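J.: Construct the complete structure from the given sequences, taking the supplied hints into account.
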Amino acid sequence: MKKVFAFSFLIFFMFAGILAALDNPEGIYERGNSSYENGDYEKAASFYEELIKADKINSEVFYNLGNSYFKLKKIGKAVLNYERALRLNPRDKDTQFNLKLARTMAVDKINIPERGFVLNALLFLYDRMNIDELSIACSIFYLAVILILIFSIFFVAKRRFMFYAVAFTGTMFFILFAFLSAKIKDENFTKTGILVAEKADARSGPKEDYLLQFTLHEGAKFRVIKEAQDWYEIEISKDLKGWIPKITVDII
Amino acid sequence: MKYIIIFFLFCSFAAVSYAEDLTISADVDKKEVTLDEQMALTITVSGNVSNIPQPYIPGLNGFTAYSSGRSQNISIINGQISSSVTFTYILVPNNTGDYMLGPFNINYKGKTYSADPVNIKVLPRNSQPSAPSQQQNAQPSDPGQVDQDIQPQQGKEVFIEAYVDKLRAYVNEQITLTFAVYQTVNLFNNPVYNPPSTTGFWTEDMPPQKKYYKIIDGTRYLVTEIKTALFATGAGEFTIGPARLEATVEDVDKVASRTPFGGFDQDPFGMFRRGKPMVLTTEPMKMEILPLPDQNKPADFKGDVGDFDISLNVDKNTVEENQPVSLKIKIKGKGNIKTVSSPVIPEIQDAKFYESGNSENISKDNYVVQGEKIFEKMIIPKKEGGITLGPVEYTYFDPVLKDYVRKKLAPVIINVTKSTEAPLEKSAFAPEAAKEEIQLLKKDIGYIKTSHAGFGPKNDFLYKNIIFLLINIISVFILMALYLYELYKSRLRTDIGYARSLRARSAASKRLKGARKTINRNMVKEFYTEIYKAVIEYIADKLNVPHPSITKDLLECKLREAGVGGDNIDKVKTLFDDCDMARFASARFTKIDMERTYKQAEEVITNLERYI
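Protein sequences, first through last, are from chains A and B. So for the first sequence, the numbering used here puts the first residue at 4; every next one is plus one. So for the second sequence, the numbering used here puts the first residue at 14; every next one is plus one.
Be careful, since some hints might not be right.
In silico lysine to aspartate or glutamate, DMTMM-like type, Cα no more than 20 Å apart, as pairs [as the list claims (entries may be wrong)]:
id	chain 1	residue 1	chain 2	residue 2
1	B	K565	B	D593
2	A	K194	A	D253
3	B	K415	B	D320
4	B	K471	A	E29
5	A	K74	A	E53
6	B	K351	B	D218
7	B	K341	B	E389
8	B	K377	B	D320
9	B	K462	A	D95
10	B	K44	B	D129
11	A	K96	B	D457
12	B	K471	A	D58
13	B	K471	A	E136
14	B	K471	A	D189
15	B	K477	A	D189
16	B	K431	B	D363
17	B	K471	A	E86
18	B	K456	A	E40
19	A	K76	B	D457
20	B	K345	B	D416
21	B	K546	B	D606
22	B	K477	A	D58
23	A	K241	A	D189
24	A	K103	B	D457
Sample of chain A residues at the chain B side, in silico, Cβ under 7 Å [to be verified]:
id	residue
25	S37
26	Y39
27	N61
28	E63
29	F73
30	S142
31	I151
32	L152
33	I156
These are computed hints drawn from the structure, not numbers from a lab. Remember, predicted model here, so these are calculated numbers, not experimental data. The beta carbon of each residue, even a glycine, is placed where N, CA and C say it ideally should be.
T.: Shown next, in the form of structure tokens:
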């Protein structure tokens, strides 16, 4: 009887502990980190995954999870999580570095078309800001335009100056707004996938009997265009499309 | 059978006639030649073909042959083209004896044509050849003679000679080879000088060319000398090969025969002097190179021959330890500077020696190779105290004294003081290249992040936040409201009629309220005055007419213009009539009348509001 009591007591505490841990994302995060430090990458990954499942995320969680998968030699998952971390924090140097390293470990050589110097300069802000930052920047310029317009209503004499101010802030607003729209579209409507299985055969249709077109390896990045039952149609470049099973893919 | 014979005859005839298409012949300008002379061999190929190949010249034993060009001659006779090509060779005999040149063959369209061989007799020097020579070249007559005094024959336009200043020399001793061209006529274009082969010698050109005039037997020659210094690299017998000059000279005979007035037939275009190609060669020379004597040969002798002087200096006599001292050894003198080797400096344990380069400075004044060579060394003393450099010894062989000379320099003492700098500074001497690159052994990912910026749900974006969106949307409305307000204010400021019309209603109701108070106090006159004023001012404001000037008729007319209906106008009229009446007969009006009038006034204003 005593034993049973003790056992149930233990179970209760275990549940309580788990519940407490679930309630407290900090705790899970810390435990993930300490598992990583001890070299138990499998456990660390499971803690981080738990956080993500509970929708308690930030870029650090994705980054650490990417690291754990990298150590477990799961390049696909590592790339996936680094990409996710970058979406939240595009300027993070560690993530950029690790992603680059993980990409070099991937088997497939996928040529990403080089953007020239001009395009890079134009998209400087786009590459370095996440959605929220773009939203704030956009909003600041938008409110600035409105504020200047309000001033121009009451200070008629300064209208010339106001005109230039509005022209500048307005242009900035439109550029940032375009960036923001593109980012939101990217987030919601463009699906980018990473191959997380060791390899996958891309077929000409959503069934095993279709013609095998090419084979992709873990870590490959592609756009997901369509889905049908358990298959995704993916596009690597304009003339490289195929269907691969859903289970081999994770969407960023 | 008969036909067959005829056919064969025809064939052979055809073959013969075909063979006659091309003929080849060889000829020489003289059959006997002395060793001093040269002869010309001409091979003429003629035929009615346009593309005549080069004839094959068999090895011409005993002669040195130079091609002297080809000339072509095409003639058309009765539509028959015949061309002949003459190939000219200059032959220089090498040995006496009887020679047979040829046969000379030519291959043309798979057929071989040959010319008969030519017999030549080569006579020894100074014997008179049977045929007079047209041109001769001068030769140093005897190799044993050191400086040849040339006795050129009269009428020689161009000749060359080559000689050396000594025929017997030590290894690495300078021998000056002089090549001279003597000329009385102009040389056309640039003569081609082929220097003699000097196998076994180290050569050093000695510019500039020397030009001077020399009179030999009453003829003034322009002499051009090219000098070359030779240094034998080993002992033994060596041969300096023949030097050669190819030149085109003015044809003196032709020039001489030109008379001031005559001879259009000879040279109508005097300016085009005819050139005569010449090839001149010199005799090879045998040189005897003596080995350096073994007697008295010092152990440290390194093979420098000449006359040298040696000096040594250091840039400072006192130095801190681990600081460099630069040592310069200068060897200066006559001889093959390029091969001069560094004298030995005995190494010291307490110092490190580094070669830091040599420089040489060679001049060829008076056609003697001389100059200086500086050997630089860097010495880094390792310990304080004194270091002694030297004594430095240097030996060379002097070919004039025919003995070895030893030069000795007094030792140099350098004081080394204690270093004032920390011993760590030693590394300052490590050359940049010796620094190690950071080596990336293996690439790994960056470490995990332990800090974080809070946790949030995945789709928690600011652009979905209601407050954020409201701030942005409301600000537009604020702008619009402020704009409309300003628009309204400015209209009020500028449009009086509009302002009055806007004010009309409120002003009227104010007056009506004032009138209302007078009802209770039973002030009939005041009441009707107020009512009248309220209505008339209201209409005046609305229609933007100055109200003191308004009359009932004008009012009616204006209201009609504004589109107010007749019954309303009538109501206004009756109201005004009542007001007028009350002002003059106020006693007749009771409180009830006043209440009714008040209502009427309100009604009128409300009705009019719809139209104006």
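J.: Each hint should be assessed against the structure and marked as holding or not.
T.: A quick look at each hint next to the structure:
Restraint check for K565/B and D593/B: satisfied, since their Cα atoms lie roughly 11 Å apart, inside the 20 Å limit. Only pairs whose Cα atoms come within 20 Å are accepted, and K194/A paired with D253/A is accepted, the gap being roughly 10 Å. A C-alpha spacing of about 11 Å is found between K415/B and D320/B, which places the hinted pair at or below 20 Å, so the restraint holds. For the proposed pair K471/B and E29/A, the alpha carbon gap of about 16 Å is at most 20 Å, so the pair holds.
With a C-alpha separation of about 18 Å, the suggested pairing of K74/A with E53/A holds against the 20 Å cut-off. Under the criterion of a C-alpha separation no larger than 20 Å, the hint pairing K351/B with D218/B is consistent with the structure, at around 13 Å. A threshold of 20 Å between alpha carbons decides the hint, and for K341/B with E389/B the separation of about 5 Å falls inside it, so the pair holds. Proposed proximity of K377/B and D320/B is supported: the alpha carbons are some 15 Å apart, at most 20 Å.
As the CA atoms of K462/B and D95/A are separated by approximately 11 Å, the hinted pair is consistent with the 20 Å bound. Of the supplied pair hints, the one linking K44/B and D129/B holds, its CA atoms being roughly 14 Å apart against a limit of 20 Å. Using a Cα cut-off of 20 Å, the hinted pair K96/A and D457/B holds, with the two alpha carbons roughly 14 Å apart. For the proposed pair K471/B and D58/A, the alpha carbon gap of about 6 Å is at most 20 Å, so the pair holds.
Simply put, K471/B and E136/A have alpha-carbon atoms about 16 Å apart, close enough for the 20 Å limit, and the pair holds. Of the supplied pair hints, the one linking K471/B and D189/A holds, its CA atoms being roughly 15 Å apart against a limit of 20 Å. Distance check on the hinted pair: K477/B and D189/A sit about 15 Å apart at the alpha-carbon level, within 20 Å; holds. Using a Cα cut-off of 20 Å, the hinted pair K431/B and D363/B holds, with the two alpha carbons roughly 14 Å apart.
Taking the CA atoms of K471/B and E86/A, the gap is about 14 Å. The hint holds against a cut of 20 Å. Using a Cα cut-off of 20 Å, the hinted pair K456/B and E40/A holds, with the two alpha carbons roughly 19 Å apart. Between K76/A and D457/B the CA atoms are separated by roughly 12 Å; this keeps the pair inside 20 Å, and the hint holds. Between K345/B and D416/B the alpha-carbon distance is near 19 Å, which keeps this suggested pair within the 20 Å criterion.
At roughly 18 Å between alpha-carbon atoms, K546/B and D606/B fall within 20 Å of each other, so this suggested pair holds. The hinted pair formed by K477/B and D58/A meets the criterion: a straight-line CA distance of about 17 Å does not exceed 20 Å. For the hint pairing K241/A with D189/A, the CA-to-CA distance comes to about 18 Å; that is within 20 Å, so the pair holds. Pair hint K103/A plus D457/B holds up; C-alpha atoms about 11 Å apart against a cutoff of 20 Å.
Because the closest C-beta pair between S37/A and chain B is about 10 Å apart, greater than 7 Å, the hint is violated. A least Cβ separation of about 5 Å between Y39/A and chain B falls short of the 7 Å threshold, and the interface hint therefore holds. Against a cut-off of 7 Å between C-beta atoms, the interface hint on N61/A holds, since the closest Cβ of chain B lies about 5 Å away. For the restraint placing E63/A at the interface with chain B, the shortest Cβ-Cβ distance is roughly 4 Å, inside the 7 Å limit, so the hint holds.
The beta carbon of F73/A is positioned within 7 Å of a beta carbon in chain B (closest approach about 5 Å), and the interface hint is therefore held. Interface restraint check: S142/A against chain B, minimum CB-CB distance 6 Å, threshold 7 Å, status holds. Because the smallest distance between the Cβ of I151/A and any Cβ of chain B comes to about 10 Å, over 7 Å, the interface hint for this residue is violated. A cut of 7 Å between beta carbons decides the hint on L152/A: the least distance to chain B is about 6 Å, and the hint holds.
With 7 Å as the threshold, the beta carbon of I156/A comes within range of chain B, its nearest partner Cβ sitting at about 5 Å, so the hint holds.
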